[in-house]
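Visitor: Chain residues, written in single-letter form:
There are 2 protein chains.
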Amino acid sequence: MPESRQQAINYAKQNYSQFVEEMKTFLAIPSVSTDDDHRADILRAANHLVSALKGLSFERVEIHETKRHPIVYAEKNCGKPGAKTVLIYGHYDVQPVDPIELWESDPFTPTQRGDHLYVRGGSDMKGQIWATLKAIESIQSAGSLPVNLKCIFEGEEELGSPNLEAWIAGHVNMLACDVVLNPDTGMLAPNVPTIVYGLRGLVYTEIKVHGPAHDLHSGLYGGVVHNPANVICMLIAGMKDHDGRITLPGFYDKVLPLSPEERSQFERLPFGDEDVLKQTGAEQLWGEKGFTSLERIGARPTLDVNGIYSGFIGEGSKTVIPAWSMAKISMRLVPDQDPVEIREGFIKYINDNIPSGVRWEFKEHSSNKACLVDLNSPAVHALTKAQETVWGTLPVYKREGGSVPVVLTMQKLLGVESVLTGFSLPDDNIHAPNERMHMPTWKLGIECLIHFFYNL
Amino acid sequence: MPESRQQAINYAKQNYSQFVEEMKTFLAIPSVSTDDDHRADILRAANHLVSALKGLSFERVEIHETKRHPIVYAEKNCGKPGAKTVLIYGHYDVQPVDPIELWESDPFTPTQRGDHLYVRGGSDMKGQIWATLKAIESIQSAGSLPVNLKCIFEGEEELGSPNLEAWIAGHVNMLACDVVLNPDTGMLAPNVPTIVYGLRGLVYTEIKVHGPAHDLHSGLYGGVVHNPANVICMLIAGMKDHDGRITLPGFYDKVLPLSPEERSQFERLPFGDEDVLKQTGAEQLWGEKGFTSLERIGARPTLDVNGIYSGFIGEGSKTVIPAWSMAKISMRLVPDQDPVEIREGFIKYINDNIPSGVRWEFKEHSSNKACLVDLNSPAVHALTKAQETVWGTLPVYKREGGSVPVVLTMQKLLGVESVLTGFSLPDDNIHAPNERMHMPTWKLGIECLIHFFYNL
Chain A
1 MPESRQQAIN YAKQNYSQFV EEMKTFLAIP SVSTDDDHRA DILRAANHLV SALKGLSFER
61 VEIHETKRHP IVYAEKNCGK PGAKTVLIYG HYDVQPVDPI ELWESDPFTP TQRGDHLYVR
121 GGSDMKGQIW ATLKAIESIQ SAGSLPVNLK CIFEGEEELG SPNLEAWIAG HVNMLACDVV
181 LNPDTGMLAP NVPTIVYGLR GLVYTEIKVH GPAHDLHSGL YGGVVHNPAN VICMLIAGMK
241 DHDGRITLPG FYDKVLPLSP EERSQFERLP FGDEDVLKQT GAEQLWGEKG FTSLERIGAR
301 PTLDVNGIYS GFIGEGSKTV IPAWSMAKIS MRLVPDQDPV EIREGFIKYI NDNIPSGVRW
361 EFKEHSSNKA CLVDLNSPAV HALTKAQETV WGTLPVYKRE GGSVPVVLTM QKLLGVESVL
421 TGFSLPDDNI HAPNERMHMP TWKLGIECLI HFFYNL
Chain B
1 MPESRQQAIN YAKQNYSQFV EEMKTFLAIP SVSTDDDHRA DILRAANHLV SALKGLSFER
61 VEIHETKRHP IVYAEKNCGK PGAKTVLIYG HYDVQPVDPI ELWESDPFTP TQRGDHLYVR
121 GGSDMKGQIW ATLKAIESIQ SAGSLPVNLK CIFEGEEELG SPNLEAWIAG HVNMLACDVV
181 LNPDTGMLAP NVPTIVYGLR GLVYTEIKVH GPAHDLHSGL YGGVVHNPAN VICMLIAGMK
241 DHDGRITLPG FYDKVLPLSP EERSQFERLP FGDEDVLKQT GAEQLWGEKG FTSLERIGAR
301 PTLDVNGIYS GFIGEGSKTV IPAWSMAKIS MRLVPDQDPV EIREGFIKYI NDNIPSGVRW
361 EFKEHSSNKA CLVDLNSPAV HALTKAQETV WGTLPVYKRE GGSVPVVLTM QKLLGVESVL
421 TGFSLPDDNI HAPNERMHMP TWKLGIECLI HFFYNL
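Chains A and B supply the protein sequences, listed in that same order. Using our numbering, you'd call the opening residue of the first sequence number 1 and step up by one each time. Using our numbering, you'd call the opening residue of the second sequence number 1 and step up by one each time.
Derived from the structure by calculation, the hints contain no laboratory data. Using N, Cα and C, we set each Cβ at its ideal position, and we do this for glycine too. Don't take each hint at face value.
Under 10 angstroms between C-beta atoms, here's a sample of chain A residues computed to sit facing chain B [claimed, not checked]: (1) D106; (2) F108; (3) P190.
Calculated pairs, DSS-like style, for lysine-lysine (alpha carbon to alpha carbon, straight line, at most 27 angstroms) [stated by the list, open to error]: (4) A/K240 to B/K348; (5) B/K278 to A/K208; (6) B/K240 to A/K208; (7) B/K208 to A/K208.
Computed Cβ-Cβ distance ranges for the label pairs, DEER-style [to be verified]: (8) A/P99 to B/E101: 17 to 25 angstroms; (9) A/D106 to B/L372: 57 to 65 angstroms; (10) B/S356 to A/R245: 57 to 65 angstroms; (11) A/K254 to B/E364: 41 to 49 angstroms; (12) A/R245 to B/G114: 51 to 59 angstroms; (13) A/S259 to B/R359: 54 to 62 angstroms.
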């Protein structure tokens with residue numbers, strides 16, 4: 001191993017405790033983007049990154065305002081002719097914490113128990129940003145950077161990045177690069193380095209069904225009007241059949257069938273139903289007939305109610321017919337489903353099935369296509385080698401169930417591929433109570449990123 | 001008209017404004033029984049009645065503790081040999097106020113707008129209690145009572161009166177009477193005095209469906225586990241068919257069919273679909289095929305979701321598969337449905353239809369049979385005559401959609417019939433925001449009750 005690379009690795013090992021302590025300050029900021037009460041916290045998190053980037057002697061460290069939460073931009077030139085430019089993407093916003101009562105420690109007081117650090121946003125993904133910054137710090141402690149770096153850290157990912165694409169479109173020259181490093185995915189297990197090459201798309205909707213003009217007494221009016229709570233249940237129930245197949249018009253029309261090769265790749269993953277059962281804590285798995293769990297997650301579309309509300313949900317009983325009901329319903333898409341067509345099918349289904357005399361409203365929270373990343377790029381090779389060096393084994397290549405819309409945006413607007421990595425684990429409870437980071441994996445993640453930058 | 005009766009009516013007319021002002025103090029007490037935060041208010045309301053009854057020189061004015069909210073008891077002997085004894089039933093508890101944001105004035109600040117006084121519990125039924133007390137006061141101002149009186153005012157009616165039956169069973173001798181006056185129903189319209197002779201029963205359930213051990217990320221796990229929010233929608237949707245018929249096993253087995261005579265009685269009611277449309281503010285009515293609206297309300301059973309909740313219902317989006325869901329579901333029963341059999345059919349339906357791998361829990365909030373009151377009792381005749389005197393027209397006889405379980409209890413334990421009256425109107429928004437009382441009707445109601453007591 002060249003001397004500077006070894007020095008950088010040594011620096012990371014020696015300063016690990018210090019890295020963790022610094023990170024805790026960043027993680028303690030409750031940068032919840034969905035809730036306007038946390039607007040000041042979002043700004044604190046952005047400013048915290050500005051300080052950290054200035055501390056690493058980045059140039060042009062800027063806060064770019066958007067309609068809602070700002071984007072942090074920074075760049076650093078390594079001064080080496082012909083050096084590649086890596087654009088590092090991250091998001092410093094985090095999911096809401098409710099149901100708060102299920103957290104075993106305060107969501108924004110990073111708390112170590114065993115090998116895990118429990119904190120909202122640790123795994124998804126402030127911890128991943130911090131690992132990247134500490135990899136850069138380690139490299140700089142051993143000499144100059146091997147590549148040019150640009151960073152964009154947004155504050156709206158958990159909102160579906162409503163302002164990112166327009167901002168990127170307006171800064172195409174500034175963001176010019178060879179490859180994007182996106183450390184917002186994870187590994188299948190602590191000893192299974194993973195490169196994600198497929199991501200599902202997402203159409204996230206909200207519907208509201210209106211019935212009577214106001215809440216009614218269910219004794220006086222039960223039986224003579226449509227109850228919007230019953231109606232929304234009927235609508236949702238009709239969106240799937242008993243085999244788990246989605247019944248919205250045209251939903252599967254453009255779904256690429258899985259090739260025998262892809263199916264055998266899925267089978268080779270060191271991960272199966274038992275693992276999924278354990279992670280979910282469900283008594284039994286269930287899904288679309290004819291597919292394995294990993295195929296269902298990685299390569300099949302789905303539809304889930306993320307939230308539903310109507311009427312009286314307090315303690316005890318209230319004999320009310322609610323005036324309205326609402327549900328948040330999201331669909332995960334796979335190649336080549338078109339979000340616009342999916343949305344239209346969803347709207348058509350409701351229009352075709354909602355009873356007359358009941359009104360409904362539609363809102364779309366986010367919408368993006370699925371994507372597949374080219375596995376033969378130099379950056380994927382650099383990452384593969386880095387993972388092999390650190391974990392002593394070649395990575396698995398995986399299609400994942402989540403959405404990273406920015407990958408599509410980078411392809412479309414900057415013409416570059418993203419390399420998707422990250423050191424979260426499937427049981428990190430992201431988007432759920434007791435989110436956590438597996439610290440031994442995070443530590444190795446820093447070393448992996450050091451190697452990645454040198455390998456490029 | 002005998003002189004004392006006329007004096008009593010005059011007293012009521014002269015003191016109307018004073019009555020209203022006094023009543024506002026009573027109505028301002030937020031005696032919400034479903035919420036333990038209002039425990040002290042419930043006690044204040046009970047004590048307020050104690051003072052009022054003592055002010056009317058009732059004897060044996062007592063507060064009887066129950067497991068939750070107390071019963072106020074009082075009695076007064078008129079000293080006339082052979083006089084009848086009337087047991088007055090009322091409830092001083094009120095419905096919760098949410099959704100609070102839809103109230104146009106504070107729910108517990110009685111506010112007059114036009115002919116209406118807006119306040120939670122005015123129509124249902126603290127205002128009805130007050131009208132009764134003011135009728136008694138008016139009679140006493142003109143001389144002695146024509147009947148013996150006993151009062152029970154409970155604080156748990158909106159909870160389904162969980163402790164009333166046991167308490168009545170333990171005080172059968174104390175409560176001995178000839179008839180019960182229950183002013184917890186209403187009139188069809190301001191000029192349509194009404195006597196209710198039929199009431200629906202109620203089975204009010206709550207179900208909770210459990211899926212994964214904790215909330216899951218819908219990207220990482222969407223498609224491989226049952227989503228409890230989707231499952232509860234599927235279960236609820238299957239409880240009714242597209243014609244509004246309830247599909248629970250055995251649900252209609254014991255429903256008494258409507259006789260041609262009953263159907264023509266329903267047709268004669270000066271009230272129809274247009275009125276129901278107006279009161280509900282719905283764009284269109286809907287219900288079980290083959291029945292009119294009034295038949296559906298008065299003589300057909302129904303099933304309604306009163307509340308439903310699962311997952312993330314805040315602003316924005318959260319890509320979560322919820323760990324659990326819950327719904328409050330109530331069924332209105334008609335003669336001769338048996339609440340125990342209905343509950344068993346409900347449970348059987350869910351057990352037969354819930355997917356494996358999903359757990360569920362059942363809770364019953366209240367359960368009571370429907371009832372029909374004998375229209376040929378002397379008390380019904382006394383009320384009919386009183387209504388004719390005050391409004392100049394004979395009352396209509398009506399079967400109502402709500403439940404008054406205490407009527408059944410009085411039949412069973414005390415062997416007496418109830419006469420069901422009251423001066424609420426269908427558009428009083430009971431159990432809804434902006435509950436109100438129509439004050440001209442309330443004023444005439446006091447006069448009607450004065451006549452009723454003299455007529456007995």
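Visitor: Compare the structure with each hint and give your call.
Guide: Verification of the hints:
1. D106: violated, 17 angstroms
2. F108: With a closest approach of 17 angstroms, the A/F108 hint is violated.
3. P190: Not OK, violated: A/P190 not within 10 angstroms of chain B, min 17 angstroms.
4. A/K240 to B/K348: holds, 23 angstroms
5. B/K278 to A/K208: holds, 22 angstroms
6. B/K240 to A/K208: holds, 21 angstroms
7. B/K208 to A/K208: Holds, at about 22 angstroms.
8. A/P99 to B/E101: 17 to 25 angstroms: holds, 23 angstroms
9. A/D106 to B/L372: 57 to 65 angstroms: At roughly 59 angstroms between Cβ atoms, B/L372 and A/D106 fall inside 57 to 65 angstroms, so the hint holds.
10. B/S356 to A/R245: 57 to 65 angstroms: violated, 18 angstroms
11. A/K254 to B/E364: 41 to 49 angstroms: The hinted range 41 to 49 angstroms holds for A/K254 and B/E364, with Cβ atoms some 48 angstroms apart.
12. A/R245 to B/G114: 51 to 59 angstroms: Given about 56 angstroms between the Cβ atoms, the range holds.
13. A/S259 to B/R359: 54 to 62 angstroms: violated, 38 angstroms
Violation of the numbered hints given earlier is confined to hints 1, 2, 3, 10, 13; the remaining hints are satisfied by the structure.
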